[in-house]
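Asker: In case you want the letters, here they are:
Protein chains: 2
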Amino acid sequence: MTDTDEQELSFWGWGYSHKTPDEEERRELAEMVETYLGFPERPMLETPTIEDAEMPEPSVEPPFEFCTTSRIERAHHTYGKGYRDLVRGFHGDFSPAPDAVARPETEDELGELLRWASNENVAVVPFGGGTSVVGGVECEGDGYAGVVSLDVRGLDEVLEVDPVSRSARIQAGATGPRLQEQLKEHDLQLRHYPQSYEFSTLGGWLATHAGGHFATVYTHIDDFVESVRMVTPTGVVETRRLPSSGAGPDPNALLLGSEGAFGVFTEAWMRVQPRPESRAKATVAFDDFEAGVEASRRIAQARLYPANCRLLDRKEALLNQIGSNNLLVLGFESVDTGTDADRTVEDDLGRAVEIAEEEGGDVRERSVSGDDDNGDEERDDTTEGDWRQSFFDAPYMFNGLVSIGVLVDTFETAVTWDGFYDLHDAVQTQVTETMNDVCGDGFLSCRFTHVYEDGPAPYYTFLAPAEVGDELEQWRAVKSTASDVLEEHGATITHHHAVGRTHKPWYREETPEEFRDALRATKNVLDPAGVMNPGVLLEADGDTNLDSDTDDDGKP
Amino acid sequence: MTDTDEQELSFWGWGYSHKTPDEEERRELAEMVETYLGFPERPMLETPTIEDAEMPEPSVEPPFEFCTTSRIERAHHTYGKGYRDLVRGFHGDFSPAPDAVARPETEDELGELLRWASNENVAVVPFGGGTSVVGGVECEGDGYAGVVSLDVRGLDEVLEVDPVSRSARIQAGATGPRLQEQLKEHDLQLRHYPQSYEFSTLGGWLATHAGGHFATVYTHIDDFVESVRMVTPTGVVETRRLPSSGAGPDPNALLLGSEGAFGVFTEAWMRVQPRPESRAKATVAFDDFEAGVEASRRIAQARLYPANCRLLDRKEALLNQIGSNNLLVLGFESVDTGTDADRTVEDDLGRAVEIAEEEGGDVRERSVSGDDDNGDEERDDTTEGDWRQSFFDAPYMFNGLVSIGVLVDTFETAVTWDGFYDLHDAVQTQVTETMNDVCGDGFLSCRFTHVYEDGPAPYYTFLAPAEVGDELEQWRAVKSTASDVLEEHGATITHHHAVGRTHKPWYREETPEEFRDALRATKNVLDPAGVMNPGVLLEADGDTNLDSDTDDDGKP
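Just so you know, the protein sequences line up as chains F and D, in that order. Heads up, the first sequence is in the numbering used here, so the first residue is 1 and it goes up one at a time. Heads up, the second sequence is in the numbering used here, so the first residue is 1001 and it goes up one at a time.
What the hints contain is simulated information worked out from the structure, not anything from laboratory work. Hints may be right or wrong, so weigh each one.
[To be verified] Here chain D is said to cover these stretches of chain F; the calculated rule only asks that three of the stretch's residues, wherever they fall, bring their Cβ under 8 Å from a Cβ of chain D:
id, segment
1, 227 to 237
2, 244 to 257
3, 300 to 306
4, 352 to 364
5, 451 to 462
6, 508 to 516
[Stated by the list, open to error] Residues on chain D that point at chain F, a partial pick, calculated with CB under 8 Å:
id, residue
7, VAL1164
8, GLU1226
9, ASP1250
10, THR1344
11, ASN1436
12, GLU1453
13, ASP1454
All values derive from a computational prediction rather than experimental measurement. All C-beta atoms in this analysis are idealised placements derived from N, C-alpha and C, irrespective of residue type, glycine included.
With the hints as constraints, model all of the structure from the sequences given.
Answerer: Right under this line is the structure:
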């Protein structure tokens, strides 16, 4: 991430400014919202400029050359990219801006900052791509002398490659494209494509259990980890590079998903792989969503290990502009072995399709491709290709929707198959009801992002007409309803978006108290001054889930 | 495990007394040892009787009906089944016998015992099958009022089955056969076959990262876990039943592999599956071990997901009486989907065989079978079948070897592919050298039990002529050399045998100090009185790795 890139980024919304919908595109969007969703007469709100951004004067200035208190830098590091973040940024509210932004170029500088912060009681918020949708990079800093956003993107090198074991030592500040470009020189790839891929970093992925494009086996970044290296206020914690170990509780597992509360990832040895030898894809349409669910379950349980097994309900297909049916998008990839002995993806696809047809599915498209495409995986002409493009573009659409007064957010979970239908019915009923109550209308779609032998990871998107000025209250009502339904049905509060500050009250209900006590004890060991990202995961003094109008239980 | 079964078990060695080699079989064994290994004139030692067992008087007697201080029960619960254990048992040395054995029938009784022990400063050692080979169930109890062995086998029911999600709630005291027999009523299986399968329990597997027969994907018991339930001195810790979650560090991962140091597993929701629809197997011979290693690596990296991918070096094949070549035993299994769309194991096998042939392998046997066999998977006529029988019978052979003065033990590890050859050479050279030095001769074989994309899990067996009376000193020399070599080469001290007390000094070198501090902090939360299996994993006062002649660093 160069300075030039940084300047081209939107200070309030997703991604690059030039890719954010312009006036004309926003008008088209408003028409589509009216036609497809039935939300009439959306307002054309004035898009903000950096001059509109209101933020307090910095209360601390770290004594390091790699730190800055510039307004634009502080604005860029104030929020993640959730709906709440976009709305506040759009309205110029940057009140929780960090006092300073640190951009260390070396691990030593990074360690120096943490020691200084511990001594000065300054909160440190690790920052990668800043794409959190759960308040993971936003810190009020009550009880602290100040807050520093620690941007890790200065450490972005692939340091070492082991082609025999197919592993690479990668610095945590490397974004998706940055590590991809360096691995490409070795004909290797990480093959982990979260929706935030373009901006988010390896360190951010490790800190939040990021979910990638593989629907099975390698569902989270965790599944590619050999070892990690974390700088904490007390020193460096490094695990051993191993394919697997049976020696005590897994040390990686205590650090992965720790969301910056213990320290900052600086490196990891990651499992990498050559480009897929071949890929096979199919799109299967279902009249009934339930039939698609059954097909997904049976394919997952058949251990065919599809790379993609993404079920979209009708509304989700509509939203992604790839049809009006329930669609099951299937994909298989094989690894190049240098022989003719590669796994035959076409056969695997055939088996998955046979199961889907047995459940009443109708095959719409089917294709097999070799490795002769030029590596630009984001472009192809299939429904899966369209879907993929739509997937990566969706966050830009969110910018546009916010700017025309549409409430838009997602929530995602995982649940065992036996509990899915009850959960899904309750989500549909209660979330829709809440949207109707507080917004007068609402739209809710569902897809499966990942499937396990024992259950799916459903992902919901909701849209509703927002009342400008009341958007956050409306959002809180819907988000609370959704989260409560997940909790009531024994589903997890997050499959791969992390806990952050937004999900903390439900995280508290989901996890055993003794386990959270153990995490607190771990934090005391690694971060005795308690300066690391205070307020994520665990309760922190003075933290009330970001909002003054929070209930006693901390729910928004 | 009924009382009758218990009485038929050897009090000093592996398994059932009637399956331990008798006088004649021992003479045959001595001849084979001379012929194949070149260890001449092994002594025919007198096998012990329970009357020979020497143990101290119990120092505490728990005030519960489900506890006993009977000699035979204490003898059965003194040791695991490592070489050191067998030797000491064989010589009638039961000095570390627990003061009492508890056999609770309910979780409430179990909790009552833990609370009593915490109040009375009595150490509690959770006991499943008692098959630890790393000193996991043996506790000196220095600094404690006494030691109680807590036998969990009274809790052995499958409590609930969810056929839709393919999961079952199983009590932790169920042995392999016990849970298999109950799951069979639902046409389901766990399909986790460690060598200790006949005797070891689900709880023991969870506490030690037990390794099963799957060579890829489902290598450890951990890979089947949805949620666990653990009783600790401070209460019950239960994780939520989920296919996956991205909410904070994985709570299961902190408990799995905790070796009884935090509490006792009482239940778990486990992923189960139907019988395989079909299986395909092949045995491939290699003149060069290295060629077999390359074939294993390439098959693992091709993501063919073999159920079996077990490379045996010449000596390992000899030991298992299945040939005199380096052998790669391959196996694939498919899950029944109720359609014709099951994964074609024959094709997958074909691809793996093609890779093996490219590396110079010579296919010796190849077969495909449907699900028409009667479920007795331990019987078939292939090399793989012979190997499997030999695998489950090996521990009985160890009984016989101990009784004829042969030192016999195993050690296992995992390492990245790039480091394997150096490690393997060093193991061969240094372990053989130590055996020659201290025993005058020695035999060392190697197999891969599991293969990962980034490295194998090598498993070594060593045999040497023992000097009766000096066996343990000889063993310590060899075991220390082996463990030091693993450490020097960055391999793990254990892939699936656990840390226990034997591996603790090397575990200390392998893991970050801050991580062990976090484990200690966790133990303080869950077991504030420090009575749970003191001395495993973490340093404990008064624990010196079982031997008074221990070096300062705790190594045997």
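Asker: If a hint holds in the structure, say so; if it doesn't, say that too.
Answerer: Comparing the hints with the structure gives:
1. With 4 residues bearing a CB less than 8 Å from a CB of chain D, the segment 227 to 237 of chain F meets the requirement of three and the coverage assertion stands.
2. Counting residues of the segment 244 to 257 of chain F whose CB lies closer than 8 Å to any CB of chain D gives 13, so the stated coverage by that chain holds, three being the minimum.
3. For the segment 300 to 306 of chain F, the assignment as covered by chain D holds, since 5 residues bring a beta-carbon within under 8 Å of that chain's beta-carbons and 3 suffice.
4. Evaluation of the coverage hint for the segment 352 to 364 of chain F: fulfilled, as 4 residues show C-beta separations to chain D shorter than 8 Å, against a requirement of three.
5. A count of 6 residues in the segment 451 to 462 of chain F with a Cβ less than 8 Å from any Cβ of chain D is obtained; the coverage claim is therefore met, three being the minimum.
6. Three residues within the 8 Å Cβ limit are the bar, and the segment 508 to 516 of chain F against chain D gives 5, so the coverage statement holds.
7. Satisfaction of the interface hint for D/VAL1164 is found here, the shortest Cβ-Cβ separation to chain F being roughly 4 Å, below the 8 Å cut-off.
8. Satisfaction of the interface hint for D/GLU1226 is found here, the shortest Cβ-Cβ separation to chain F being roughly 6 Å, below the 8 Å cut-off.
9. A hinted interface residue such as D/ASP1250 counts as satisfied when its beta carbon comes closer than 8 Å to some beta carbon of chain F; here the least separation is about 5 Å, so the hint holds.
10. Interface hint at D/THR1344: satisfied, since its Cβ lies 7 Å from the closest Cβ of chain F, which is below the 8 Å cut-off.
11. With its C-beta approaching chain F no nearer than about 29 Å, D/ASN1436 sits outside the 8 Å limit, and its interface hint is violated.
12. Using the Cβ-Cβ criterion of 8 Å, the hint placing D/GLU1453 at the interface with chain F is satisfied: the shortest such distance is roughly 6 Å.
13. Using the Cβ-Cβ criterion of 8 Å, the hint placing D/ASP1454 at the interface with chain F is satisfied: the shortest such distance is roughly 4 Å.
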